[in-house]
Every structure is written in C-alpha cells, then in structure tokens.
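Asker: Each chain, written out:
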Amino acid sequence: MNWDWSAVDAFLPRLADGLLVTAQALALSALLAFGLGLVWAVAQRSGPALVRGPVAVFTEFIRNTPLLVQLFFLYYVLPEWGLTLSAMVTGVVGLGLHYSTYTAEVYRAGIEGVPRGQWEAATALSLSRGRTWGVVILPQAIRRVAPALGNYVIAMLKDTPMLFVVGVMEMLGEARQFSSETFLTVEAVTVVGIAFILLSCPASFLMRTLERRLAR
Amino acid sequence: MPADTANAYTDTDAGGRAQGRATVGTGTTADELIRFDRVTKRFGSNTVLDSLDFRVFPKKHVTLIGPSGSGKTTILRLLMTLLKPDEGTITVDGTPLSHEERNGKLVPAGEKHVREVRKNMGMVFQQFNLFPHMSVLRNITEAPVQVLGMSRDEAAERALELLDMVGLKDRSDTYPGRLSGGQQQRVAIARALAMRPKVLLLDEVTSALDPELVAGVLDLLRDIARTTDITMLCVTHEMSFARDISDCVMMFDEGKVIEFGHPEKMFGDPEQERTREFLSAVL
Chain A
1 MNWDWSAVDA FLPRLADGLL VTAQALALSA LLAFGLGLVW AVAQRSGPAL VRGPVAVFTE
61 FIRNTPLLVQ LFFLYYVLPE WGLTLSAMVT GVVGLGLHYS TYTAEVYRAG IEGVPRGQWE
121 AATALSLSRG RTWGVVILPQ AIRRVAPALG NYVIAMLKDT PMLFVVGVME MLGEARQFSS
181 ETFLTVEAVT VVGIAFILLS CPASFLMRTL ERRLAR
Chain B
1 MPADTANAYT DTDAGGRAQG RATVGTGTTA DELIRFDRVT KRFGSNTVLD SLDFRVFPKK
61 HVTLIGPSGS GKTTILRLLM TLLKPDEGTI TVDGTPLSHE ERNGKLVPAG EKHVREVRKN
121 MGMVFQQFNL FPHMSVLRNI TEAPVQVLGM SRDEAAERAL ELLDMVGLKD RSDTYPGRLS
181 GGQQQRVAIA RALAMRPKVL LLDEVTSALD PELVAGVLDL LRDIARTTDI TMLCVTHEMS
241 FARDISDCVM MFDEGKVIEF GHPEKMFGDP EQERTREFLS AVL
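Keeping their order, the protein sequence lines are chains A and B.
Everything in the first sequence is counted per UniProt numbering, starting at 1 for the first residue and increasing by one.
Everything in the second sequence is counted per UniProt numbering, starting at 1 for the first residue and increasing by one.
Chain A extracted, bound-state conformation:
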C-alpha cells in the first residue's frame, strides 16, 4: 500500500468543504432533535390521551427502525407522494427526527427526576401549566440531563456520514468523490477518519467536564 502525502494535500480543501456541510447538518439536526424530543417528552407526560398514544407509537417506531432506512424513505418514497426534499433537508430531518426519539427519553428521565414537591409548590402558587413547565420543571430537568444530551450530539456527529447515501456532500461524501476522481481512496478515507477523531474526542472530553461540573 502506498501512502501519498500529496494526495492528502490535494484532499484537504475538499475536506474543509465537507466539514462545513457536516457542521451545518449536525447543528440543524441537533436543534431539531432537541426541540422535537422536548415536544415528545412533554406530550407524553402531560398531553391529552389522544396525543399520548400516537406519540408513543410514533417514537417507538422511529427508534426501532434504522436511520438508513428512514433516510431512504424520506428521499425516495416521499416524492412518490409529491413531497420532494433536497438532500440537505432530507439529511437534517432524518437525523433530527431519529435522534429526537432518543432525546425524548433523556428529557423524560430529567423530568421524572424533578421532585414532586416542585410541582406541588408551583400548583400552590397558582402558576399556569405553561409557566410550571417553562420556569419550574424544564429548567431543572434540562440542567440534569445536559451531559446526556451532549453525548447524543456526539453520536449524531458520528452518524452524519450516513447522509452521504442521499447525496449530502459531507466529509465522507467528499472523500468518496475525491477517490472516484483520483483513485486515491486510502488517503482520503483515512483523513476523514482522523477528522472524526479530532472532532469527537475533544467533544467527549467537554461533555465529561460538563457532567462533573453539573454533578457538583
């Protein structure tokens, strides 16, 4: 096997493009996962029965089917029904929706961890349901589970290469394209692997530090 440093040089600008796309996809899908996950968790805890059931079925369904299948579904099946999404939108929706079912579980644990006395105090002060959730329960619940949510961002980062299957030109996509043009596969894929290590290691370290600080 030959290692060609000039190939690394040639690939780096492409990697930078891919990194930007990875970062965008990750940021947007993480926002979606955090937002939707919260909606699922609150709906399951205090929504009407008519909402709770469907939400439970839907999240269970998403959690138990592979992300890859969901991405294919969004990209190739939805257009059959007249809904065509761009590659990036498909990736963000797919990844965000998939992980929202996991963040929902994290929020649920956080919400259950808030002592019952906090709900009772909010009731005794006549706070509305919205204010009780917004200013009393969720700030405490989310603080508790922030590290767990952070860990899912790292997991999402490592799943971003899957978006390549629907044509999102993130880092792995750039590597595949580069190697199909130059036949220099080893260098490009290795560089992408190293890039992931360089991103996720500090991120994991950051989460552990956060966890320790919040645990105090």
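Honestly, the hints are just simulated from the structure, not real lab data.
Among the hints, erroneous ones may be present.
Unchecked claim - Cβ-Cβ distance ranges computed for the label pairs, FRET-style:
1) B:L148 - A:S204: 42 to 52 Å
2) B:A208 - A:G47: 32 to 42 Å
3) B:T228 - A:A155: 48 to 58 Å
What the hints assert, rightly or not - If you only want the chain B side, here are some residues facing chain A, beta carbon under 8 Å, derived:
4) T81
5) L82
6) R118
7) F125
8) Q127
9) N129
10) P132
11) E142
12) Q146
13) Y175
14) G177
Claimed, not checked - Among the chain A residues that face chain B by a calculated CB cut under 7 Å, a handful are:
15) V114
16) A124
17) G134
18) V136
19) P139
A virtual CB, placed ideally from N, CA and C, is assigned to each residue, including glycine.
Chain A is already provided as a structure; the job is to place chain B on it using the hints.
Answerer: Same frame as chain A, but now just chain B:
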C-alpha cells in the same frame, strides 16, 4: 377569647339530617371561608377522611392535631387541590373547588376555575419546596408577576418587604441551596404570603428542621398570626405553638374530627379519652 369562636354547631344538611359540624367562628353561610361537606378521601382501601364536615370563618387560626395517618395533611392537600376528594364538596370563600357554573349548568371545574379558587390559598410545605434554580427574590416574585400580573419592580419591592419581615433581607440574591433549613422555610413563608392569600396552609412546617432552627420559624408564624388578618390552617406537632396561635384545635382520628374546641379546653380538659391519650403521648 370570645366564647363563640369554637362552638359545637348543629345544622341540617340537604337531606334534613341533623349533624354535628366542627365550626370555627360565627357568621352566616355566606361568610364562610372554608367549608367541607361530607368529604371522603380514600387511598386504595384505606379511608383517610370519612365523610368529614367542618367550616372555618375568616381570620381564624385552626390547628389540626392527631396521630399520623389521621388525615390532617390530606385536608390541606385537598384544599390546595393537590388531591381530589372521592366524595363530598369543598367550598372556599363560597366557591366550590370541584365544579363551576357554566351557562347556567353545573359542570366539573375546569383548570381555570380551579386556579382562580387556588389564588385564595397559600401553602408552606414540610420540605420547603423552594425552586432551587431561582434566587430567593425570584422565588418570591415569580408567582405575583405571572399570576397576579404585578410588575417586576412592584413584586420585587414587596418581596423585599416580606424578606425584611422574615429576617432575610440581605439574602435576596442567594440561591436556596446556600440557606439553612430554617432560612429556606422563612423564604417559603414569604413566598406564600407574596400571593396575598386569604388562607395560609401550614403543613408540618418545622418537622424537617434541625431542633435549634424550629423556634425562629415558629416565632415568625406567631408574629404573622398576631399581626395579620390571614386565616390559618395548621398541621403541627408543636403543641405549645398550637396553644399560642389557635382559636380552635381539632383532634382527628381515623378520618373524623373526634373533638374540637378552644386550645385551653383541648389541652387542659379534653372530653375524649382518645384525645387525652394522644396529648399525653406528645406533650
């Protein structure tokens, strides 16, 4: 104290059945602040309150005593709508908690109706239940701003007055976790009073405190009882405190009021054997 504040009172219910009803204060039905009509509460097969009747007129201080499990705390929790009765009606200041009139028809109370009635009451808990992620000041101002629609400035000004009263004016920016149990409970009292409730519900407010911190909190409550018009319903094991502040002491056993009256009589010469036994065990 006037002889009428705690009297055996017999009235007739809708079915024409004469019944003894624990009554604190005097006045007409329209003046009643709290009224329990045959309220029953069960937890599983355990009947905690058994067809309980009592009424309290404004400005009275009532202490509920009795062995643990006799339903005292349940009464406060029912009033605060933290629990729902299985049977019977609870009325606060003339408004029933369980139902409301809508378009001339009686319907089960909606969330809005319940919140409206709740505003009459404030509650202080055994475990304080302060919001740990809010400063002391914010703990006190949050509900007046959100629920009563006070401006932040007005609420803060009032909160500082209350903090001054409870002796913690200099701790307004502190977080509850940095306060002692006694200090936390004073903040909780200030928080409840900030809503200007007509009724203050005190649920074993000194039970979770270190012994040396109990006196300070009780002194504060004595002051409040003496200097304000607020009606108090108090569950406590502090009998000397109960004797000091109460217009009426109600003795509970097995979900019923078995005896009630002025503290002098209740502590000095109770009629019921069960009351005597209980008091000799706790005094």
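Asker: All hints are to be evaluated individually against the structure, with a verdict given for each.
Answerer: Consistency of the hints with the structure:
For L148 (chain B) paired with S204 (chain A), a C-beta distance near 47 Å keeps the hint of 42 to 52 Å intact. Range check, A208 (chain B) to G47 (chain A): Cβ separation about 34 Å, and the 32 to 42 Å hint holds. Between T228 (chain B) and A155 (chain A) the CB atoms are about 56 Å apart, so this pair conforms to the stated range of 48 to 58 Å. At its closest, the beta carbon of T81 (chain B) sits 7 Å from a beta carbon of chain A; the interface hint therefore holds under the 8 Å criterion.
This hint holds: L82 (chain B) has a C-beta 5 Å from the nearest C-beta of chain A, less than the 8 Å allowed. Interface hint status for R118 (chain B): upheld, as the beta-carbon distance to the closest one in chain A is roughly 5 Å, under 8 Å. Annotation: interface hint on F125 (chain B) holds; nearest CB of chain A at approximately 6 Å, less than 8 Å. Given the 8 Å rule on beta carbons, the hint for Q127 (chain B) holds: about 5 Å separates it from the nearest Cβ of chain A.
At about 4 Å, the closest approach between the beta carbon of N129 (chain B) and any beta carbon in chain A falls short of 8 Å, and the interface hint on this residue holds. Satisfaction of the interface hint for P132 (chain B) is found here, the shortest Cβ-Cβ separation to chain A being roughly 7 Å, below the 8 Å cut-off. Nearest Cβ of chain A to the Cβ of E142 (chain B): about 6 Å, under the 8 Å cut. The hint holds. With a least beta-carbon distance of about 5 Å to chain A, the hint placing Q146 (chain B) at the interface is held under the 8 Å criterion.
At a threshold of 8 Å, the smallest CB-CB gap from Y175 (chain B) to chain A is about 12 Å, leaving the interface hint violated. Annotation: G177 (chain B) was flagged as interfacial toward chain A, and the flag is violated, the nearest CB pair being 11 Å apart, outside 8 Å. Interface hint status for V114 (chain A): violated, as the beta-carbon distance to the closest one in chain B is roughly 10 Å, over 7 Å. Among the interface hints, the one on A124 (chain A) holds; its C-beta lies about 4 Å from the nearest C-beta in chain B, closer than the 7 Å criterion.
Annotation: interface hint on G134 (chain A) violated; nearest CB of chain B at approximately 10 Å, more than 7 Å. Given the 7 Å rule on beta carbons, the hint for V136 (chain A) holds: about 6 Å separates it from the nearest Cβ of chain B. Evaluation of the P139 (chain A) hint against chain B yields a held restraint, the C-beta minimum of about 5 Å falling below 7 Å.
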